[in-house]
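Participant: Based on the provided sequences and hints, a complete structural model is requested.
Counting from 47, one number per residue, gives the positions in the sequence shown under our numbering.
Simulated from the structure, these hints should not be mistaken for lab results. Every value quoted in this text rests on a predicted model; they were computed, and no experiment measured them. Treat the hints with care, as some may be off.
Computed list of lysine to any residue pairs in SDA-like fashion (alpha-carbon distance at most 20 Å, straight line) [stated by the list, open to error]:
(1) LYS245 with THR255
(2) LYS179 with HIS64
(3) LYS292 with MET254
(4) LYS292 with ALA200
(5) LYS292 with SER280
(6) LYS179 with GLY138
(7) LYS292 with THR255
(8) LYS179 with ASP58
(9) LYS292 with ASP232
(10) LYS179 with GLU140
(11) LYS292 with SER259
(12) LYS245 with ARG256
(13) LYS179 with PRO151
(14) LYS292 with GLY279
(15) LYS292 with VAL252
(16) LYS292 with ASP116
(17) LYS292 with ARG260
(18) LYS292 with GLU236
(19) LYS179 with ALA200
(20) LYS292 with SER206
(21) LYS179 with GLU163
(22) LYS245 with ILE257
(23) LYS245 with ASP232
Taking CB as the label site, the calculated pair distances span [as the list claims (entries may be wrong)]:
(24) GLU91 with GLU290: 21 to 27 Å
(25) TYR248 with PRO218: 30 to 36 Å
(26) VAL241 with ASP182: 51 to 57 Å
(27) ARG158 with VAL126: 20 to 26 Å
(28) ASP51 with ASP194: 42 to 48 Å
For each residue, glycine too, the CB sits at the ideal point set by N, CA and C.
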Amino acid sequence: MFDRDLTAYLGDGNSYSHAAAVRLAGGALKGYGTLQAVLAAVGTECGAAVLPVENNVEGAVNEVYDALFDSELYIDSQLVLPVRHSLIAADGVEIGDIRRVVSHPQAIAQCRRFLGELGVPVMSAASTSAALKLVDGETAAVAFRPCDGQIALASGIQDSALNATRFALLSPVMSDSGATVSVAFDLLNEPGALVTALKTLYDRNVNMTRILSRPHRSGDGQYRFFVDFDFEGSGDALDAALSELKRCCTAFRFLGRYDCAHADDDNK
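Facilitator: Here you go:
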């Protein structure tokens with residue numbers, strides 16, 4: 047049953063996505079096991095979704111960006127959440143008992159140094175919440191916090207003390223306010239195409255804050271560009287800027303206008 051007040055997120059109550067969803071959406075939340083399931087839930091079971099879009103150590107969550115271009119969702123707001131990983135095992139297990147570690151690929155990548163020193167095989171899971179379900183007498187997980195019957199053998203195991211992930215609240219309703227604008231576009235494969243496109247922002251004294259390129263799914267060597275920029279003007283001024291940018295593109299998608307908040311380092 048479709049519930050407009052219900053927000054989908056990745057994992058369960060022990061996930062970072064849940065912590066972000068509580069802050070970004072509040073209200074009723076429903077966890078799903080995969081990114082694809084979260085996106086598919088919007089409009090069928092839920093009214094919005096919260097997903098991780100970028101980690102400041104490991105970069106963009108490419109699967110989200112690729113899916114966002116093809117979806118009918120917009121970024122409504124964003125939150126930067128400090129991420130403090132722990133090595134979690136079954137209660138009573140000691141670190142010398144661990145024979146393998148499992149977690150989401152992003153979490154694994156953020157803890158390379160610790161896991162390298164631990165020296166056991168590392169396997170991937172769909173989420174840190176899914177990894178917690180695999181914990182047993184010899185298997186540990188890298189995750190946010192333990193479930194019942196589990197303990198944290200080590201905390202703060204991420205490589206960077208400044209480790210943080212940016213989460214987005216995605217909605218089928220487009221917001222008309224916010225200090226940041228995100229767009230995505232394809233260009234002709236010719237000299238100066240990207241420069242020409244970005245010059246439309248430069249000519250308007252617009253500050254571009256981020257650019258990401260992704261291989262185009264056509265497989266012909268083309269790339270898709272995702273760009274964030276600051277914008278304080280009116281909706282009419284934004285429409286004019288986007289119209290000019292569109293004329294340089296072979297495909298274009300407005301991803302949203304929104305604000306980005308920063309969470310306190312409490313991981314609650």
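Participant: Starting from the range 51 to 57 Å, see whether the pair VAL241 and ASP182 falls in it by beta-carbon distance.
Facilitator: Holds - the Cβ-Cβ distance for VAL241 and ASP182, about 55 Å, lies within 51 to 57 Å.
Participant: Is LYS292 close enough to MET254, meaning Cα to Cα at most 20 Å?
Facilitator: This hinted pair holds, its Cα atoms lying about 16 Å apart.
Participant: When you check the alpha-carbon spacing of LYS292 and VAL252, does it fall within 20 Å?
Facilitator: holds, 16 Å
Participant: How does the Cβ-Cβ distance of ASP51 and ASP194 compare with 42 to 48 Å: does it lie in that range?
Facilitator: Given a distance of about 29 Å, which is not inside 42 to 48 Å, the answer is violated.
Participant: Is it true that the CA of LYS245 sits at most 20 Å from the CA of ARG256?
Facilitator: holds, 15 Å
Participant: Sort out whether GLY279 lies within 20 Å of LYS292, counting only the CA atoms.
Facilitator: At roughly 18 Å apart (the allowed maximum being 20 Å), GLY279 and LYS292 satisfy the hint.
Participant: Check whether the Cα positions of LYS179 and GLY138 lie no farther apart than 20 Å.
Facilitator: holds, 17 Å
Participant: Next pair to validate is LYS245 with THR255; report whether the Cα-Cα distance is within 20 Å.
Facilitator: Roughly 14 Å between the alpha carbons, so the hint for LYS245 and THR255 holds.
Participant: Would the pair LYS179 and HIS64 pass a check requiring their Cα atoms to be no farther apart than 20 Å?
Facilitator: The hint holds at about 16 Å.
Participant: Is 21 to 27 Å right for how far apart the beta carbons of GLU91 and GLU290 are?
Facilitator: violated, 39 Å
Participant: Is LYS292 within 20 Å of ASP116, Cα to Cα?
Facilitator: Distance of about 17 Å is within 20 Å: holds.
Participant: Taking 20 Å as the top limit, are the C-alpha atoms of LYS292 and ASP232 close enough?
Facilitator: holds, 10 Å
Hint violations for this structure: numbers 4, 20, 21, 24, 28, all remaining hints satisfied.
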